[in-house]
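There are 2 protein chains.
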Amino acid sequence: MKRILNKETPQYPDQEVRVAGWVNTRRDHGKIVFIDLRDRTGLLQVVCPPDIVKDVKEEYVLEIEGLIKKRPAHTINKDMVTGEVELQARQVKVLAKAASLPFDCMEKDLNLNLPTLLNHRPLTIRNPEVKNIFKVSESIVESFRKTLRSLDFTEFQAPNIVPVVAEGGADVFHIDYYKYDAYLSQSPQVYKQIMLSAFERVFTVAHVYRAEPSVTTRHMAEFTSLDAEMAFIDSWQDLMDTCELIIRNMFADLKPLKIGVPELGREVPRIKMREAQKIILERTGRNNLKEPDLSPEDEQEICSWAREKYGSDLIFITHYPTLKRPFYTFADPLEPDYTLSFDLLCRGLEIVTGGQRINEYDKLVKNIKKWGNKTDSFCFYLQAFKYGMPPEGGFAFGLERITKQVLNLKNIREASPFPRDMERIDNKLKKGPSTRLRARKK
Amino acid sequence: MKRILNKETPQYPDQEVRVAGWVNTRRDHGKIVFIDLRDRTGLLQVVCPPDIVKDVKEEYVLEIEGLIKKRPAHTINKDMVTGEVELQARQVKVLAKAASLPFDCMEKDLNLNLPTLLNHRPLTIRNPEVKNIFKVSESIVESFRKTLRSLDFTEFQAPNIVPVVAEGGADVFHIDYYKYDAYLSQSPQVYKQIMLSAFERVFTVAHVYRAEPSVTTRHMAEFTSLDAEMAFIDSWQDLMDTCELIIRNMFADLKPLKIGVPELGREVPRIKMREAQKIILERTGRNNLKEPDLSPEDEQEICSWAREKYGSDLIFITHYPTLKRPFYTFADPLEPDYTLSFDLLCRGLEIVTGGQRINEYDKLVKNIKKWGNKTDSFCFYLQAFKYGMPPEGGFAFGLERITKQVLNLKNIREASPFPRDMERIDNKLKKGPSTRLRARKK
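Chain order of the listed sequences is A and B.
Per my numbering: the first sequence = residues 1222 to 1663.
Per my numbering: the second sequence = residues 1222 to 1663.
Check before you lean on any hint, since a few could be wrong.
[As the list claims (entries may be wrong)] Listed below are the simulated DSS-like cross-link pairs for lysine-lysine, each with C-alpha atoms no more than 27 angstroms apart in a straight line:
| hint | chain 1 | residue 1 | chain 2 | residue 2 |
| --- | --- | --- | --- | --- |
| 1 | A | K1587 | B | K1318 |
| 2 | B | K1314 | A | K1587 |
| 3 | A | K1499 | A | K1530 |
| 4 | A | K1591 | A | K1493 |
| 5 | A | K1587 | B | K1651 |
| 6 | A | K1318 | B | K1278 |
| 7 | A | K1584 | B | K1587 |
| 8 | B | K1479 | A | K1367 |
| 9 | A | K1479 | B | K1367 |
| 10 | B | K1584 | A | K1318 |
| 11 | A | K1400 | B | K1652 |
| 12 | B | K1367 | A | K1352 |
| 13 | A | K1590 | B | K1367 |
| 14 | B | K1511 | B | K1228 |
| 15 | A | K1400 | B | K1649 |
| 16 | A | K1545 | A | K1499 |
| 17 | B | K1590 | A | K1652 |
| 18 | B | K1649 | A | K1587 |
| 19 | A | K1595 | B | K1318 |
| 20 | A | K1649 | B | K1587 |
| 21 | A | K1591 | A | K1545 |
| 22 | A | K1584 | B | K1228 |
| 23 | B | K1356 | A | K1367 |
| 24 | A | K1652 | B | K1595 |
| 25 | B | K1511 | B | K1530 |
Keep in mind the hints are simulated off the structure, nothing from the lab.
Let the sequences and hints guide you as you build the complete structure.
And the structure:
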């Protein structure tokens, strides 16, 4: 008999079936035992004679054969996909045993502190709400790819081992690369741009790294960057248009998961950073007009304003100061101290960053020097521009940040199945002898 | 006027259009200049009065406005998608200039040595045949995901920074991780298995790393692993069935790219490693019966045999010796010295490896010790098994290897846009002062 999934059982009334899954709960009622069996599609109520489930406990993995019966009307459970039926077990096979649980991890509201949640990730990931976070995350990635494919973007694999550091100088992880120095990539920027000259429009789902020596609710050492780059733009506004389309589709594609996704309004407002600072001054009295960036508090405030004025949970902030952006950022010809760059904020947090890039070889060389770097270090990258690069730009979506904002999670670590930070890789880190191991028996 | 793509031009006879792209070739014929303009969809012949393209050279990026005209019958070029038309240029705008090319890189048969090809990757990637490699690679990845989604697998993001080394002891890259030791992942194995207990079926497109101190045509330091894992298998044969379906779909999805994909025959043969060794002995006289693995030469030979006997360019080799596989590999209950594991060879090269895993907690703990490792180092991973793990297994496809074999490339480095090895990250590596850089001007 072929295994069927729990959600399929209502199609088999009065028929023998085989199901398999984990024991979600066990309730003993004297002469019968009720087991809620959990598989990837949901729960199924199984009615068992006690003798065939004698030692069975929560999280045991079972294979059960039996008869599907319609439940009497008054016992139908509308909250379960299989609520109209139950399985009368005839035979139970234990596929795997389970130790006693350290806490009840299948309750809807798990309510654990973050370290406990993460220390027990292999267990807590089974919780339906936790699991749902990663269905949301999966949907966001796939929607990103779907929109870009529909716009004729080509997907490629960007490398994570890089020879130089293009984005930020300090916060980078060093790798012992044979006899050489190498680093973990902070962004696939360089490689996106190189690929442009063959494909015009490219994207990549990349892992990127920040060795930031601080612990916040918004940063991790490794995160997923949904990166795209497009050539032959007529204006840098094309980039924000594409971002807006991507995010509209992302939120629409999340509808089946029944989440209160952020509102975009009729269109997402676009304002300059300096305008945002003035609005914040008016609204709060906080004078940050001379700051080169918005603080987390400012990002919250300007999002409230966008929500009130435009009915949008999102807002584009544009024209960040030239000297605070990477060397390849395109300065606004009308006011060269500011760049044709943008951040997209959602519910108070930056989830996308992007902008037009310098595509002219001479300008780029000049800027590399001006930013204090050696052009030698960039000779590979510079070839893409030396031999003709169209006007172009791009952007990067932070996967875990979007997931966090969509689900209103408190900490970005909840949005990563295996978050890494200063103090954690899987478990909390401990100083000690190297954990390098032997894999094969000699 | 909105830019149209080259391939769209035949739809606009006698109409004014705007196109944009790179100068693929320039041919001067006295009073007119012919330019083949290249965009992502192909070439378009543009007829220009000399005065509007005076300084234009190869790889210049142009935006051209003009009139689309049907070509006279005798000048139609059937090899070009736009061969029935040409553009009579009225106005040409130079979007970017290009330096003189170091070699002709748009010829169909590029015929460069590998170092030159890779040193000039930002340029050589524009070559149509090189570009096509990465369209093949893109298609393989997307097809892998498509098949697995259709089988209800969940996609997740596996981390690349790992605390311990599960696969091979020596060939691993060390990362300076804050005050701690960490490594680049050799496989998402541990994380795939953990995710199983929530999702039953998972996959990930992961980057994985090997610090192998050798240079071969089959290995790179960073490569792309298409990894899947499935629970509730009835038999380990389910895993090979799924692999075969994936690869059949992959090759079918490559059809539009007009490549002579490998043949699978009616079904891909499955034989034990020891049987393969006997067949090789019979065919060649090479006695490798006592070897624990097939040599590259043996892999070639057994593929020739499969081709002759089954009309298949692929073959599954099963039952590798237990002590030569990682600790989590499931031993065959009928002959415990051999595992329920397999490699899939294609045209003489391993492109997939997989097998059933130990799902029983006690057995796994025993094996971790037997393989000379500390269970402490695996306490995070072991939780997944402690609390009930169904029978399961999985496999990993090497993206660049499949691409190489499908296209009959000589070296795997050709199948990666940015290959990394002992001597190369973008450019050939040189000893010298650290290349760590400042990104923002102070």
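Evaluation of the provided hints:
no., hint, verdict
1, A:K1587 to B:K1318, "holds, 16 angstroms"
2, B:K1314 to A:K1587, "holds, 24 angstroms"
3, A:K1499 to A:K1530, "holds, 15 angstroms"
4, A:K1591 to A:K1493, "holds, 25 angstroms"
5, A:K1587 to B:K1651, "holds, 25 angstroms"
6, A:K1318 to B:K1278, "violated, 72 angstroms"
7, A:K1584 to B:K1587, "violated, 62 angstroms"
8, B:K1479 to A:K1367, "holds, 24 angstroms"
9, A:K1479 to B:K1367, "holds, 24 angstroms"
10, B:K1584 to A:K1318, "holds, 12 angstroms"
11, A:K1400 to B:K1652, "holds, 8 angstroms"
12, B:K1367 to A:K1352, "holds, 21 angstroms"
13, A:K1590 to B:K1367, "violated, 45 angstroms"
14, B:K1511 to B:K1228, "violated, 59 angstroms"
15, A:K1400 to B:K1649, "holds, 13 angstroms"
16, A:K1545 to A:K1499, "holds, 20 angstroms"
17, B:K1590 to A:K1652, "holds, 22 angstroms"
18, B:K1649 to A:K1587, "holds, 25 angstroms"
19, A:K1595 to B:K1318, "holds, 23 angstroms"
20, A:K1649 to B:K1587, "holds, 25 angstroms"
21, A:K1591 to A:K1545, "holds, 13 angstroms"
22, A:K1584 to B:K1228, "violated, 33 angstroms"
23, B:K1356 to A:K1367, "holds, 16 angstroms"
24, A:K1652 to B:K1595, "holds, 16 angstroms"
25, B:K1511 to B:K1530, "holds, 25 angstroms"
When the structure is compared with the earlier hints, violations turn up for hints 6, 7, 13, 14 and 22 and for no others.
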